[in-house]
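Now for the letters of each chain:
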Amino acid sequence: MAELADYSGPFDPDFSYDRFTKETLLKLIRSHAEYVRRIDGQWYLAVMQECGNDAAFACDAIVWEKLEAYTMKTTSNLLNIHGDDVVTLIKALQANPWSSSYKFNVDLINNDHAIISFINCPTLLALERDGSGREMLICNKLEVRLMELKAHYFNPNMIVTPLKLPPREPNSDICCQWELKV
Amino acid sequence: MKGLMADYSGAFDPTFSHGKLAQETLAKLMKATAEYMRRIDGHWYLSVMEKWGNDEALDCDIKVWERLVTYEMKMLSSLLNIHGDDVVTVMKALQASPWTLTYACDIDVRNNDEAIVTYRNCPTLLALEKEGKGREGLICQELEPRLMAKIAHYFNPSIEVVALKIPPRSGNEDICCQWEFKLER
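Chains as they are written, first to last, in the working numbering: chain A, 1 to 182; chain B, 1 to 185.
Hints were generated in silico from the structure; no laboratory data involved. Each hint can be trusted.
With a straight-line Cα cutoff of 25 Å, these simulated BS3-like cross-link-like pairs (lysine-lysine) come out:
(1) A/73 - B/20
(2) A/164 - A/103
(3) A/27 - A/103
(4) B/74 - A/27
(5) B/133 - B/63
(6) B/31 - A/73
These stretches of chain A come out as covered by chain B in the derived footprint (C-beta under 8 Å, 3 or more residues):
(7) 8-16
(8) 21-29
(9) 38-48
(10) 53-63
(11) 83-97
Glycine included, each C-beta is placed from N, C-alpha and C at the ideal position.
Isolated chain B, as found in the complex (with noise of 0.2 Å):
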């Protein structure tokens, strides 16, 4: 569109907004946006880790994430007008979760009470693997069913949530976790 900016190279505007900024721009900012989320979230992790201990740090990152998952479910289905009692609704909020930019999940919705979600890439798996201590069995194995499960339950408590597959892998070609969603009525 004309008159919008693809970047902020030029002179200092006074009346700046994000609403000057191209469509594009606004897209790799939301990008960048939840990068920093994950950076941010891990160095909290880490400089509890590094005080207190790995028990300490994981205390608080499920102290924290079971509020905010909960903060955004529900800033995501308002905002988005994302609203009903299915799988197939999580799914949409989980295609809509900021997290979502960073990760590479696929989605196989196979009817409106079923899903499987596969995710092929998470940088925290892969900076858990790169760091070697194991972490990612407390965080995959014991975090993130927790939270995959209050995601779902948001929308309707009833909601199974079951980790096919979580790590460890077998190596770098496997996919990093895999979840079945399922409603029985």
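Extracted from the complex, chain A is given alone in its bound form (with noise of 0.2 Å):
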């Protein structure tokens, strides 16, 4: 069956995502990666503005606390990604949903020690334009939090030190910074 690069022919009882080309699933699941952050961001905006900022990082951090683990767990399962050393966390990371929003670049250090720098991050662009100052709740609380939980999902003797976060420094590059360590 040829593949299709779109959906613009006529309607296909049939419908199914295998259709589509690679490229265009490709397309897709960055797209799906963007829709799960809005989807996210909505919820904690829709959450401020009827109740407040307190009341939305409140309900942010139960959200999180409840579907970080469950995040690893699938994307290692589904993926196959086991283990109890940095290495299997960073290769969760470059998998997960929500990887292909982000840019981060990996310094291996060995198989126990790296270090990881987001070097573009919509989400922070986005409070960083709101200009009220929530990435200092959401990244220096909530964030290390989240980052503990995903390496504590692999193995909980992992060390995560942030190394950098934001309020970032007029011109960095660098959004946030992490040591992750055995």
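With the hints as a guide, bring the two chains together.
Here's what the structure looks like:
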């Protein structure tokens, strides 16, 4: 069966994503990653508008405290990423549903030690544009906790140290930087 | 295809991208991501409901999805080149929605301006029924008709959406919901 680059043709009663070319699937994966980010972001904003930022932040923390382990579990089961070292965590970070929305560099010192630098983060860009300083809570409190949850899913002894967190220095190209070590 | 990865059990690849995975694996990932979206949405709803009650959670849910439905339709139609102002265009967009990966739905296209959509499996409804508080009364009867209309009106504000059947259901064998999409020209 010919692969489709898009769905501009006639209605197909047996439509499935399997019909698309790999290139189209990759575009869909990237757009779904952005969609995931927007679902989370729109919920945060809706709660913030209704109940204030403290309430939104409290809900955000509850949601992700529950979902981080699920994120790591589904990614690692689906892609057979198993282990208890730092490199296993890095592989899960590269492949999880959020990864297409962010850009990061990995300096793998050895299998138990790495530095990860996020060089593009659309959430931070939105927070900086918003200008109300919410990155101080989201990046400096919540993200630290969430990076630990991700690391501890693979190994409770993994140590997560934030080396750089927002607010960024003017013209800094690093959004945040983390040391991961066992 | 040769060289593509069925999974990521091998060595760390500093240049890893989803493009290195086999097509079959990508399809599995997309399904998992669709379920992930549903869970993110569900956990947000529950966390607001637990703290401030169901009215507040439903208000937020409506705000969120009235914005996101338009975003989703725009994203799908531009990415997959789905354009038009008839009902069959709406059906194509519904088929391509990531949400459809988590539901079982049949689409009966009668002609380009009329179709019936039947949801036979809906994990959200199953969760609401299991919870037993009757929240499907609000979510399925108030929110979903608005969202279905919003989806249709993205393509043509004159398309009429009629809920033919919505929860509560008569039993587990019953369909979840059924919608008629129609455009009078």
